[in-house]
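Undergrad: Listed here are the chains, written in short residue letters.
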Amino acid sequence: MLAATGLTKEYRRRGEVFNAVDGVDLTVAKGEIVSIVGRSGSGKSTLLNMLAGLLRPTAGAVRFDGQDILGWRDAEISRWRNTKIGYMPQGQSLLANLNVLDNVRLPFFLARRDGEITEKASARLAQVGIAHLAANFPAELSGGEARRVALARALINAPELLIADEPTGDLDLATTNEIMKLFAQIAGDGTAVLLVTHEAEAVISPTGARIYEMAGGKLAGRD
Amino acid sequence: MAEKQLTSWRLAGENLRRQPLRVVCLTAVAAILAGALFGGAIFTTGIQTGLDVLAARFGADLMVVPAGNAQKAEAVLLGGEPNYFYFNGDIGRKIAQVPGVSRVSPQFFLTSLSAECCDLPVQLIAFEPETDFVVKPWLAALPAQGLRDGQIAVGCDILARENRTVKLFGREYPVAAQIGKTATGLDRSVLMNMNTIRTMIDHAHQEKLHFLADDEPAGAISAVMVRLDGDRSPATVAREIRRENPNVEVVVAQGVVRQIGQALRRLKGQVFAVLVALWVVAATVLTAVYSGSVNERKKEFSVLRLLGATRAKVAGIVLSEAFLTALIGGLIGVVLAALAVFPFSTYIGDRLQLPYIPPAAAYIFGMALFSLALVAVAGLLAAAYAAYKIGRAETYLTMRAGE
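Chains as they are written, first to last, in my numbering: chain A, 1 to 223; chain E, 1 to 403.
The set of hints was computed from the structure by calculation and includes no laboratory data. None of these values were measured; they are calculated from a predicted model. A few of these clues could be false.
[What the hints assert, rightly or not] Mimicking DSSO-like on lysine-lysine, the simulated pairs with C-alpha atoms at most 30 Å apart in a straight line are:
id, chain 1, residue 1, chain 2, residue 2
1, E, Lys389, E, Lys313
2, E, Lys298, A, Lys120
3, E, Lys4, A, Lys84
4, E, Lys299, A, Lys218
5, E, Lys313, A, Lys120
6, E, Lys268, A, Lys84
[As the list claims (entries may be wrong)] Partial list, computed: chain E residues near chain A (C-beta under 8 Å):
id, residue
7, Asn15
8, Asn88
9, Leu306
10, Leu307
11, Arg311
Idealized CB from N, CA, C, for every residue including glycine.
Extracted from the complex, chain A is given alone in its bound form (with noise of 0.2 Å):
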């Protein structure tokens, strides 16, 4: 479903090139979890926005479906992230003047499309185990909520991908097993996951991932 070939993301630092994502292959295939670990700086979190066509790699290829994702236009890649993929970023991201249940209804309304979304939304909350905070706001929500409620709204559209960047970075362990054991449970249901942890949550990884590690922006499976 998703293939990246020689992936490579260059940067300047003091007249100083280097690079932050260095010829990285991967692919993820449909139902699969994927777990990228790796120390901060790693250039995991970059890999992730290239993968997501959200940063534009020095060199390399991204493919979904077969098709180039790289060389479409604004619309159609803000189309293909809102209808494919289901995006959790990194720490807070729920937009703090919309209740929960609009945050989660937001990704419906960002594209031209028909139907209603209201009865799904409280269904996706339902399913991460929040349905009783829908009117509330983002500031009345523990980490945990909120992180719930970014993974409702990353599965809003029904996405083919969800890709997570840290989506337990600063949460409790048992909080984290809890929101581990959700991405097991999309994958099942054939929504493909690709994650994004640091080191020490590398150890809780959704059973049944595919793990992966990174280090000085280089890609290597792990056994």
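Here the structure of chain A is known, so what remains is to put chain E in place on it, guided by the hints.
TA: Leaving out everything else, chain E in the frame of chain A:
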């Protein structure tokens, strides 16, 4: 029930609802802009309308008054300041013989008193119905015979009693007509024919009141209104009248209108300068506020991009917010300006000694719409750079910068 859509407008509305301080600042700037534009335009147009009416219905080409009283005459004519001055009625016949003079008509000025005998202190103007060509146009609504003996006509600012009379020097006089707004001294004057004012003076004498005019020989008048032959220059004839009658002064109607026109141009210049200064300051403030606000909200816009919003959609939200704040502020500004201009414009016009007639309702409505549109465009332009900047930004980088 249809579900509530999360359109760009709704997102903008929710963002504004939760940012009261930002909204108050932005709407205040928009309100000042729209209010200044609307208020300034309505006020200056009102004066322009007043001037047009004055020029069109001044009636006489020249007004001859006793020497040294030209300014008082202008004050009577324009400001309605009660005043009186006299010269002998024979002067009318002499002026009629000056080459270029087509018609003459005498007028007699008196002031009522701020005392028990009178309802109010106003300018009383008596005219001669047989020769008059100045007052008649204002009294077009009256029957053909015009004002009868004992009747009066009052300016639009004069309030008659419930029984439609005005008490002057101890007697009540029936009001036969009320003159429409002229933005001149006529608005605060009482008009009557010469017979009525003579009777009025007799009554006043019975009340032991005496007037300056009593010292003049019979037939004292205050002014001679002069109409010229079509091709005669008012300045030339005025010079001729003064040469032949050294004890008179001549007020040239065109001169008065020109003088007011100059004052109006000065006023318009000042209003324009204030408007330009306001708009420059406001444009700077709005651009800075929108840029600052977009910088603060980098993460919010990045999240929208992550979720699939196009660059145009994100820019649309920024512009929608700008448009809404400008529109709300503009509406507030227009309403506040209307509250300030409409009740006080006549007073301000008086203070500036400029005639003011409120512009037509259609103009006021059109100007309100124009002010709102201009402020909305200004708001959009001020936010355009911010919208462009956030639309072009790399989502990944702005996401990190916003953290």
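Undergrad: Each hint should be assessed against the structure and marked as holding or not.
TA: Results of checking the hints against the structure:
1. Lys389(E) x Lys313(E): Answer holds: Lys389(E) to Lys313(E) is near 13 Å, not above 30 Å.
2. Lys298(E) x Lys120(A): holds, 29 Å
3. Lys4(E) x Lys84(A): Within the cut-off at roughly 24 Å; holds.
4. Lys299(E) x Lys218(A): Judged against 30 Å, a Cα distance of about 28 Å means the pair holds.
5. Lys313(E) x Lys120(A): holds, 24 Å
6. Lys268(E) x Lys84(A): Measuring from Cα to Cα gives roughly 61 Å; hence the hint is violated.
7. Asn15: holds, 5 Å
8. Asn88: This interface hint is violated because 83 Å lies over the 8 Å limit.
9. Leu306: At about 5 Å, which falls below the 8 Å cut-off, the nearest Cβ of chain A leaves the hint on Leu306(E) intact, so it holds.
10. Leu307: holds, 4 Å
11. Arg311: Holds. Min distance 5 Å.
Hints 6 and 8, counting from the list given before, are not met by this structure.
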